[in-house]
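Work the whole structure out from these sequences, hints included.
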Amino acid sequence: MPFPIRLLTLFAVVLSVESVEAVRGRPPSGYRPPVIEKVQIVFSMVSHYNHIGDRVNFYNTRGIPEGNSNYAVPHLVYEPLITLYNPYPDPLVLPQVRVRIWDPPVGFRFKKNEHYLRSHWTVGDFDGLAQLQIANELNPSARKSFTLLLRETSANGMPGDPVTLQPGESRVFSAWTEPQWTWALETGGGYSPRSFFDWSALEDFTNVDNRTNNLMGVEAVPGLEYRSGFQTDGLSLSFNRPASTRYDFELANNYSGNWVAIKLTDTVAVECRAMRRVDSSREPDFRVSLLGGYVVDPERDNYQELSFSVAPLVQPPPVSDSNATVARVFQVGDLLQAPNDVTPGGKTPFAVLTVAAKNRSVLDGSLTELADLDGNDHFDLRFDPVAGFESITEIGNFETVPAVVEPTVLGMVRDGDELKIDFVVPSGSQNLRVMGGTSPESFPDDLSAVSTIIPAPYEPSPFNRKTASIDLTGLGPNYFLRIEEMQE
Numbered sequence: 001m002p003f004p005i006r007l008l009t010l011f012a013v014v015l016s017v018e019s020v021e022a023v024r025g026r027p028p029s030g031y032r033p034p035v036i037e038k039v040q041i042v043f044s045m046v047s048h049y050n051h052i053g054d055r056v057n058f059y060n061t062r063g064i065p066e067g068n069s070n071y072a073v074p075h076l077v078y079e080p081l082i083t084l085y086n087p088y089p090d091p092l093v094l095p096q097v098r099v100r101i102w103d104p105p106v107g108f109r110f111k112k113n114e115h116y117l118r119s120h121w122t123v124g125d126f127d128g129l130a131q132l133q134i135a136n137e138l139n140p141s142a143r144k145s146f147t148l149l150l151r152e153t154s155a156n157g158m159p160g161d162p163v164t165l166q167p168g169e170s171r172v173f174s175a176w177t178e179p180q181w182t183w184a185l186e187t188g189g190g191y192s193p194r195s196f197f198d199w200s201a202l203e204d205f206t207n208v209d210n211r212t213n214n215l216m217g218v219e220a221v222p223g224l225e226y227r228s229g230f231q232t233d234g235l236s237l238s239f240n241r242p243a244s245t246r247y248d249f250e251l252a253n254n255y256s257g258n259w260v261a262i263k264l265t266d267t268v269a270v271e272c273r274a275m276r277r278v279d280s281s282r283e284p285d286f287r288v289s290l291l292g293g294y295v296v297d298p299e300r301d302n303y304q305e306l307s308f309s310v311a312p313l314v315q316p317p318p319v320s321d322s323n324a325t326v327a328r329v330f331q332v333g334d335l336l337q338a339p340n341d342v343t344p345g346g347k348t349p350f351a352v353l354t355v356a357a358k359n360r361s362v363l364d365g366s367l368t369e370l371a372d373l374d375g376n377d378h379f380d381l382r383f384d385p386v387a388g389f390e391s392i393t394e395i396g397n398f399e400t401v402p403a404v405v406e407p408t409v410l411g412m413v414r415d416g417d418e419l420k421i422d423f424v425v426p427s428g429s430q431n432l433r434v435m436g437g438t439s440p441e442s443f444p445d446d447l448s449a450v451s452t453i454i455p456a457p458y459e460p461s462p463f464n465r466k467t468a469s470i471d472l473t474g475l476g477p478n479y480f481l482r483i484e485e486m487q488e
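Be aware that the sequence shown starts at 1, since it is given in the working numbering, and climbs by one per residue.
Read the hints as simulated data drawn from the structure, not as lab findings.
Each hint should be verified, as a subset may be incorrect.
What the hints assert, rightly or not - Label pairs and their calculated CB-CB ranges:
1. G124 / A155: 51 to 59 Å
2. E225 / G474: 46 to 54 Å
3. L251 / E369: 58 to 66 Å
4. D161 / L215: 16 to 24 Å
5. T265 / L185: 25 to 33 Å
6. S391 / G30: 36 to 44 Å
7. N210 / N113: 31 to 39 Å
We put the beta carbon where it would ideally sit given N, CA and C, even for glycine.
This is the structure we're talking about:
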């Protein structure tokens, strides 16, 4: 006769859900947050032909050799990716999800052939993303942030449908790129780009969407699209650009800029490392915030804030410590994305910053708390060199995955008389059943006839995850449940 050999978890059936007050924002009654499972910023290099009329004319008529098509301008590209996870035993549907990334902790420096494009880089300095815009090129206190508004794509091809995650499902979101997007479309307005050419701090392209006039953030949709990406050409300085980085014909004509036109056969080098980019000692090195998407002001819309120190950052070989540098050298012509190219062209990734949720924090529900959280306690922070786009989303949790030694309830939800329970059990657990009773001391009622236990959809690979559905009709308001593993 079967008998229980392991007690899984005791809990009371909850009949009502109270509204939750967040850290700064106040979510609607019954709001359930998604889990931010992973945040990545992918760094790439790409080059484009000059598109501003006077520049095109200069290289067509004064270049040696003549012809704008013999030169291209290298750009640094920075693309945030957000992975959301549904930890609940039923579908999670939200009108939108808003995520903000503050002060990416990465510094850069660049060379044209063998010469640094800014003089202070020769003494070992690095500049943050904000210093690669013309307005802030001499401002080491400049700040950079990204705000993304995550929604599904509607039938008209525009972002707008609610975010829907099935139980246990993870989905990656990236900035929305229109199907017809090309670099020619992006720069058709000359000095007024469309949405991604982030040369002007005044445009604030990484926090608002110029295409839809959305002040909530950049439109982001499920999936990966590497054709576009936020990018800047401000790799040098508007004034005092080192003479060694200018061709003789540029020097002879007193022609220069913070953008750098380079012969297709010459090289551009990038060096970067993970490092603090915040001046104030009272602020963390790096922050990621879950915003509700109901109030434009990010402080009043802030439901959960993750604060990070770069001290425990891990950089795998060949990058072995926090002072190590990722370095790549590219021939400029190899990076070329032609104006009407509908592919990424020669765009090439070289590094990615990743914060990935630790398994224990996913299991214990920590990441659904609407509070200020120590990001290093709950996430792994790492900085990796990469050589291609295909491996980027595989970079994630590098902790040793602990075995589940105790059954753990991940969540539960009641819909009328149906209760759904999401839980994980030790590897090999089987022959599970649901028992019940009016006291937590005794569970005499076998509910097998009114319950089902199945593997959870979208089961995360490290976990033996299950979903139980139980019919509670007639069981009353104070009824207790136990899930048992049975042995014949």
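For each hint, the structure was consulted:
In this structure, G124 and A155 meet the distance hint of 51 to 59 Å, their C-beta atoms being roughly 53 Å apart. Checked against the given bound of 46 to 54 Å, the beta carbons of E225 and G474, roughly 52 Å apart, stay inside it. Between L251 and E369, the C-beta spacing of about 59 Å keeps the proposed range 58 to 66 Å intact. Range check, D161 to L215: about 20 Å between beta-carbon atoms, so the 16 to 24 Å window is met.
For the pair T265 and L185, the supplied restraint of 25 to 33 Å holds, since their beta-carbon distance comes to about 28 Å. For S391 paired with G30, a C-beta distance near 39 Å keeps the hint of 36 to 44 Å intact. Evaluation of the 31 to 39 Å hint for N210 and N113 yields a pass: the beta carbon distance comes to about 35 Å.
Violated hints for the displayed structure: none, as all numbered hints are satisfied.
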